[in-house]
Amino acid sequence: MSGIFCGIGVCFGCLDTVDGEPNQRTCLVPARTETTSVAGHHDVAVVGAGPAGLAAAATAIRAGLDVVLLDSSPGPGGQYWRHRAGEPGPRAFRRLWSTVEDAYRPDTPVWFVEPGFRLHTPRGTVTADRLVLATGAYDRTLPFPGWDRPGVFTAGGAQAQLKGAGVRVGTRVVVAGAGPFLLPVAAGLAKAGARVVGVYEAGNPLGYLTRAGIAARKAPEAAWYAVRLARHRVPYHPGHAIVAAHGDPVSTVEAMRLDGTGRTKTVDCDALAVGWGFTPQLELPLALGCQTRLDTDGSLVVTVDATGQTSVPGVYAAGEVTGIGGAALAVAEGHLVGAALANQPPPRTLLSRRATLRRFATVMHTVHAPPGGWPEWLTGDTVVCRCERVPYSRIVDAVEELGATDGRTVKLFARPGMGWCQGRVCGFATAVLAARLSGRDVTAADVGAFAHRPLAQPVTLGQLAGGR
Amino acid sequence: MTTGAPDVVVVGAGIIGAACAYYAARAGLRVQVLDRGPVAGGTSSAGEGNLLVSDKPPGPELTLMLHSLRLWHELAGELGPERIEFEPKGGLVVAESADGLAGLTALAGEHRDAGVTATAVAADELSGYEPELAPGLAGGMHYPEDLQVQPMLATANLLRAARAAGAVVRTGVAVTDIVRSGDGGRVAGVRTAEGEVPTAAVVNAAGTWGGDVAALAGVPLPIAPRRGFILVTQPLPPNTIRHKVYAAEYTANVASDEVGLESSAVIESTRSGTVLIGASRERVGFDRTVALPVLRRLAAQAVAMFPFLARVAAIRSYTGFRPYCPDHLPVIGADPRVPGLYHACGHEGAGIGLAPATGALVAAALTGTPPSVDPAPFRPERFA
Numbered sequence: 001m002s003g004i005f006c007g008i009g010v011c012f013g014c015l016d017t018v019d020g021e022p023n024q025r026t027c028l029v030p031a032r033t034e035t036t037s038v039a040g041h042h043d044v045a046v047v048g049a050g051p052a053g054l055a056a057a058a059t060a061i062r063a064g065l066d067v068v069l070l071d072s073s074p075g076p077g078g079q080y081w082r083h084r085a086g087e088p089g090p091r092a093f094r095r096l097w098s099t100v101e102d103a104y105r106p107d108t109p110v111w112f113v114e115p116g117f118r119l120h121t122p123r124g125t126v127t128a129d130r131l132v133l134a135t136g137a138y139d140r141t142l143p144f145p146g147w148d149r150p151g152v153f154t155a156g157g158a159q160a161q162l163k164g165a166g167v168r169v170g171t172r173v174v175v176a177g178a179g180p181f182l183l184p185v186a187a188g189l190a191k192a193g194a195r196v197v198g199v200y201e202a203g204n205p206l207g208y209l210t211r212a213g214i215a216a217r218k219a220p221e222a223a224w225y226a227v228r229l230a231r232h233r234v235p236y237h238p239g240h241a242i243v244a245a246h247g248d249p250v251s252t253v254e255a256m257r258l259d260g261t262g263r264t265k266t267v268d269c270d271a272l273a274v275g276w277g278f279t280p281q282l283e284l285p286l287a288l289g290c291q292t293r294l295d296t297d298g299s300l301v302v303t304v305d306a307t308g309q310t311s312v313p314g315v316y317a318a319g320e321v322t323g324i325g326g327a328a329l330a331v332a333e334g335h336l337v338g339a340a341l342a343n344q345p346p347p348r349t350l351l352s353r354r355a356t357l358r359r360f361a362t363v364m365h366t367v368h369a370p371p372g373g374w375p376e377w378l379t380g381d382t383v384v385c386r387c388e389r390v391p392y393s394r395i396v397d398a399v400e401e402l403g404a405t406d407g408r409t410v411k412l413f414a415r416p417g418m419g420w421c422q423g424r425v426c427g428f429a430t431a432v433l434a435a436r437l438s439g440r441d442v443t444a445a446d447v448g449a450f451a452h453r454p455l456a457q458p459v460t461l462g463q464l465a466g467g468r
Numbered sequence: 001m002t003t004g005a006p007d008v009v010v011v012g013a014g015i016i017g018a019a020c021a022y023y024a025a026r027a028g029l030r031v032q033v034l035d036r037g038p039v040a041g042g043t044s045s046a047g048e049g050n051l052l053v054s055d056k057p058p059g060p061e062l063t064l065m066l067h068s069l070r071l072w073h074e075l076a077g078e079l080g081p082e083r084i085e086f087e088p089k090g091g092l093v094v095a096e097s098a099d100g101l102a103g104l105t106a107l108a109g110e111h112r113d114a115g116v117t118a119t120a121v122a123a124d125e126l127s128g129y130e131p132e133l134a135p136g137l138a139g140g141m142h143y144p145e146d147l148q149v150q151p152m153l154a155t156a157n158l159l160r161a162a163r164a165a166g167a168v169v170r171t172g173v174a175v176t177d178i179v180r181s182g183d184g185g186r187v188a189g190v191r192t193a194e195g196e197v198p199t200a201a202v203v204n205a206a207g208t209w210g211g212d213v214a215a216l217a218g219v220p221l222p223i224a225p226r227r228g229f230i231l232v233t234q235p236l237p238p239n240t241i242r243h244k245v246y247a248a249e250y251t252a253n254v255a256s257d258e259v260g261l262e263s264s265a266v267i268e269s270t271r272s273g274t275v276l277i278g279a280s281r282e283r284v285g286f287d288r289t290v291a292l293p294v295l296r297r298l299a300a301q302a303v304a305m306f307p308f309l310a311r312v313a314a315i316r317s318y319t320g321f322r323p324y325c326p327d328h329l330p331v332i333g334a335d336p337r338v339p340g341l342y343h344a345c346g347h348e349g350a351g352i353g354l355a356p357a358t359g360a361l362v363a364a365a366l367t368g369t370p371p372s373v374d375p376a377p378f379r380p381e382r383f384a
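The listed protein sequences correspond, in order, to chains A and B. Numbering follows this note's numbering, in which position 15 of the first sequence is assigned residue number 15; successive positions increment by one, without gaps. Numbering follows this note's numbering, in which position 358 of the second sequence is assigned residue number 358; successive positions increment by one, without gaps.
There may be inaccurate statements among the hints.
The following label-pair restraints were derived from C-beta to C-beta distances [said to hold, decoys possible]:
hint, chain 1, residue 1, chain 2, residue 2, range
1, B, ALA5, A, GLY314, 36 to 42 Å
2, A, ALA92, B, GLU258, 53 to 59 Å
3, B, TYR318, A, GLN344, 39 to 45 Å
4, A, ARG118, B, ASP257, 30 to 36 Å
5, B, ARG271, A, ASP129, 56 to 62 Å
6, B, PHE286, A, ALA342, 37 to 43 Å
7, A, ASP397, B, GLY128, 38 to 44 Å
One-sided and incomplete, this derived list gives chain B residues near chain A with beta-carbon spacing under 8 Å [what the hints assert, rightly or not]:
hint, residue
8, VAL169
9, SER272
10, LEU309
11, ALA313
No lab work stands behind these hints, which were simulated from the structure alone. For glycine and all other residues, C-beta sits at the position ideal for the given N, C-alpha and C.
Sequences and hints are given; from them, build the entire structure.
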């Protein structure tokens, strides 16, 4: 195992035995785990207690529905509103929390969902007439030489360690990848006393200016972070990518100008936090047969109507699973789903807010798209799948020698995505590589091959065997 | 791509199509393989890669399997045993009860008469074979000839060898019709979304979908899907489970005509360290819904056999559809109803094991050379 990488229970890099229980994700393990039963029936089960799930639950509860809110984490807030146990959390979170507190069930990951609906968790089986899937997203990663070394973290992992445990991932940190999320990560690290050596953003945020009308709403937030970063003297490098990491643990990284010259410079650091947008967590909607599509950022997302209804009757989705767009959009979608559950007409202000934020998200996807040439950073021995240690050369071999023509077949021949994390980390990149090596654009089927996980979480055979 | 019309079009790029293409190309025929999906996209990527003699009662299937095993050993040398994860690990069949052991012992006696090696393992010797087995089993039988390959890699490497022998493999090309000369005459070609391919011979290697391909030529084949689920564990240290280990009841399940759910533990480790847990059988059409009760039953049977698995995590499950024939025998050879049409399908759960012998039989039929095994029991018109 490579150690903590994602920081939020996705990559399984930190497995260890805790209190005699094998295979525990140490990045997640709280001091005390809730084990009391959650079994029972409710009108509505909301899965995920981030901004979308909290908003959906709050609206449904205010309308008088009987709601249970299941969360895989030990505390509420999801990734965006993550806070340390005992602290009150951000104000927007608190406004919803007081309403949903009684419905909240921590430490309740759903490992299997059956139609009807039956949600199987380590704390028992919850049944519900209707479901809200608000399972959020985790960092999207791209492989590059050295990304499997200690000292390399996902941007979200660095953020989670900071917000959830007060741990800085390093003292001299490079923040890299693409997307507005890099700014709060860098600002948070700087505020916590780390020296942020630089933010290397692959996109060119000037792209927002060409869509000024849409970007205007977000400008104050960006300006706020710009001031923060300036105050901590954090250099910001648009149009750059980190293409290699050296040292064990990491001591230098290579930053490349994405202007076609291929020029690189070496940057000293003791940690790298890197993220390329986000990947929605789709296990449950896919298991239920919800229709999906490829979004403008290349992610597989759940298809929903304006109120959050999926293609499966009784199943709603809100937040990042319907398309990566940030917390404000997730909250709006959550409230819309809550209104739909209560048979209320969708509030027009929410509909228009959702539409505006969705348009902004599309611009964001374009401005912060991963550079198309990222596969050229790989060498033959660059690990693509961290769990199964699959090097890039074996992916190439699967296509060129063994005749694979799609994501699923590359997985079957070369084993990327077959290990503990089941493709959560390498799935997007491998899908893109499979399509590219086959001489075509990536499709929903390529990405979907790494997203279908009937067992939504690992489950011991004893637990599986013992159930009814 | 080779120029000119192929001598034979093989429909299906699974293990059976790959073996047919390999042996036909090696016999000097110009071969084109067509598949609507990718390589090994159907049942070939939904199993464990079992090459078992132990689960086959004496009869035509066992005879075919014994021949196939000899061919697999040759192929392993040719393709590279590492490349296909060829593991001659042997099988261990265990019986829970005295009755089960009596049945197992009787079958082993018949096996020995048929030339299969079977060694009785007393209850107190079982742990020498499999240290983690549950205590209290009645006894078992060791079948050293049973072995395992990684079925997707076996398919891909067979096709690679076929290509090296001149075969052309086209994936993502669906065969939409089989063209016949005159009115219901012999095969003249196949129609695809990318145009017609003229040929005098078509091999139906479409597995569970073999009935659909036969229908394109206007003949029925009674092949139905028999669904199975497999659980995959976390990676474990090598050799935690050393053999293919399965319960004596498995053989009865395989031979059964039951429509409803049947399952018995079939457990083996793979080169990557994961342990595969099968095997369930049910005839429910092409329903891909993952059935939790079936997964629970597989888990319970596995834990009963290997108690340490209770604390081991399952990280994945997969689903597939075995090509089931009513008499549990594959359909192999020329179809007298349509001159130029050959079948190689309907192997149920034994396709990986039976592939080389099937491919060799088809190649012999195509070239008019004498077959190594009597093909009569597998003749396509036997259901009529």
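So which of those numbered hints doesn't the model satisfy?
1 and 5
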